[in-house]
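Line by line, the protein sequences are chains R and C. Residues in the first sequence are numbered consecutively from 1, following my numbering. Residues in the second sequence are numbered consecutively from 1001, following my numbering.
Quick caveat, the hints were computed from the structure, so don't treat them as lab data. Backbone N, C-alpha and C define an ideal beta-carbon position, used for all residues, glycine too. Where hints are given, some of them may not hold.
What the hints assert, rightly or not - Simulated DEER-style distance windows between Cβ atoms: (1) R/E139 / C/I1128: 56 to 66 Å; (2) C/D1101 / R/A145: 28 to 38 Å; (3) R/H142 / C/A1045: 43 to 53 Å; (4) C/R1044 / R/E139: 54 to 64 Å; (5) C/Q1058 / R/F212: 34 to 44 Å; (6) R/K149 / C/P1003: 52 to 62 Å.
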Amino acid sequence: MNPAPLDDAALHALVDGVLPPARAAALEAQLAAQPEAAARVAAWRAQPHALRARFDAVLTEPIPLALLQANRRPPPRRWRAAAAAGWLALGAVLGWSGHALRPAADRAGAAITLPREAAVAHAVYAPEVRHPVEVTAAEHAHLVAWLSKRLGTQLSVPVLEAEGFRLVGGRLLPSAAGGPVAQFMYQDAGGQRLTLYVRNDAQAPHDTAFRFARENGVSVFYWVDGRLGYALSGELERAALLKIADVVYRQLNP
Amino acid sequence: MIPRLRRYARALTGERAAADDLVQDTLERAWRKLALWRPGSDLRAWLFTIMHNVFVNQVRARRLVPLALDDAALAETIGGGDPGPATDLMDLDRALARLPDEQRAVLLLVGLEQFSYQEAADVLAVPIGTVMSRLHRGRERLRELLDAAAPVQPLRVVK
Chain R
1 MNPAPLDDAA
11 LHALVDGVLP
21 PARAAALEAQ
31 LAAQPEAAAR
41 VAAWRAQPHA
51 LRARFDAVLT
61 EPIPLALLQA
71 NRRPPPRRWR
81 AAAAAGWLAL
91 GAVLGWSGHA
101 LRPAADRAGA
111 AITLPREAAV
121 AHAVYAPEVR
131 HPVEVTAAEH
141 AHLVAWLSKR
151 LGTQLSVPVL
161 EAEGFRLVGG
171 RLLPSAAGGP
181 VAQFMYQDAG
191 GQRLTLYVRN
201 DAQAPHDTAF
211 RFARENGVSV
221 FYWVDGRLGY
231 ALSGELERAA
241 LLKIADVVYR
251 QLNP
Chain C
1001 MIPRLRRYAR
1011 ALTGERAAAD
1021 DLVQDTLERA
1031 WRKLALWRPG
1041 SDLRAWLFTI
1051 MHNVFVNQVR
1061 ARRLVPLALD
1071 DAALAETIGG
1081 GDPGPATDLM
1091 DLDRALARLP
1101 DEQRAVLLLV
1111 GLEQFSYQEA
1121 ADVLAVPIGT
1131 VMSRLHRGRE
1141 RLRELLDAAA
1151 PVQPLRVVK
């Protein structure tokens, strides 16, 4: 005798896991005798696995700069206390506090975005295991020539081995304004990484003093020297990073 | 949270650039509307709700409301000698793209993001019964689409 066909609503409920255990067990038993229905149920159950197999890789992709930059507080207009509490919570959950950078003086306009861009670029690339740089230090001459050409000025790459940091290599990035940026990466024996972000600010050449900013755990010392803006970023304490920033500055300005 | 938003957006739109645009619009809107978020409530659900609304508005604005394909048209689209890569993954992408938006959203929220039915109902602002009926229809539709895609695979690899 043929078993009664199982209705779809019951099968969906089975897959949804909303049936009482006894009812579910009875249905499973009936399914054993109905291969066509059993195949449908198996296919439905496989779908979440297939979706995760297909899309989980997105979770580990580097996050594009534009998204990191979108993930911060817009310029303040009218403030409300409730909103202010919310900023902190959202920033904490999203992984970007965005609260650090509001330099008291806005006179060096271009310099304001420099540490933020540098910190974001540091946060994106410093954790990279397989592709931290585009050109490695093994091709030192090519690295310097390539990035100098793209930035339109002769770059020199500080040597920080006395500070315990060896050059890993470098990469070319777009600045927020769309111009070319060179990022050099250094690493110490413990795997700690520093990045030196060099941006050509030819449109508004000016000099600034050494400044310090801290963004989401990343410390940044930055300064503008004529046409070039520099930012040294690392997850170090201020004093430790300052020592290295000082060495970088002296090497670039012998 | 950004990786989670990106994963869902990628699956929802089927396309990298569109997905990241969607995430970016979502983040920008979230920051603007932050005063509306109740501290202590589920931030993840709130962000997915914003993303869903942005997505619906984008679809509306671009008039990309998918047409319901009849089965013959579907068979032609999927099996009709389209020389796209014949992989299971591509078939899953194509099958997802052919689901009605509302069914795809529910399948992804529940299957990929592991929202409860109630959470999915909150994100989509529909009753939980609607979530379940969309899920059931979407599930079966996806199975049919993947089934329809599978038999033609050998034809695509004939040399």
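Cβ separation of C/Q1058 and R/F212, checked against the hinted range 34 to 44 Å: 41 Å, holds
Supplied distance hint 52 to 62 Å, evaluated on CB atoms of R/K149 and C/P1003: 35 Å, violated
Range hint 54 to 64 Å (beta carbons of C/R1044 and R/E139) holds or violated: 44 Å, violated
Status of the given 43 to 53 Å range, CB of C/A1045 versus CB of R/H142: Given range 43 to 53 Å: holds, Cβ gap about 50 Å.
Assessment of proposed distance window 56 to 66 Å (beta carbons of R/E139, C/I1128): With Cβ atoms ~59 Å apart, the hint holds.
Beta-carbon spacing of C/D1101 to R/A145 - inside the hinted bounds 28 to 38 Å or not: 50 Å, violated
Violated hints for the displayed structure, listed by number in ascending order: 2, 4, 6.
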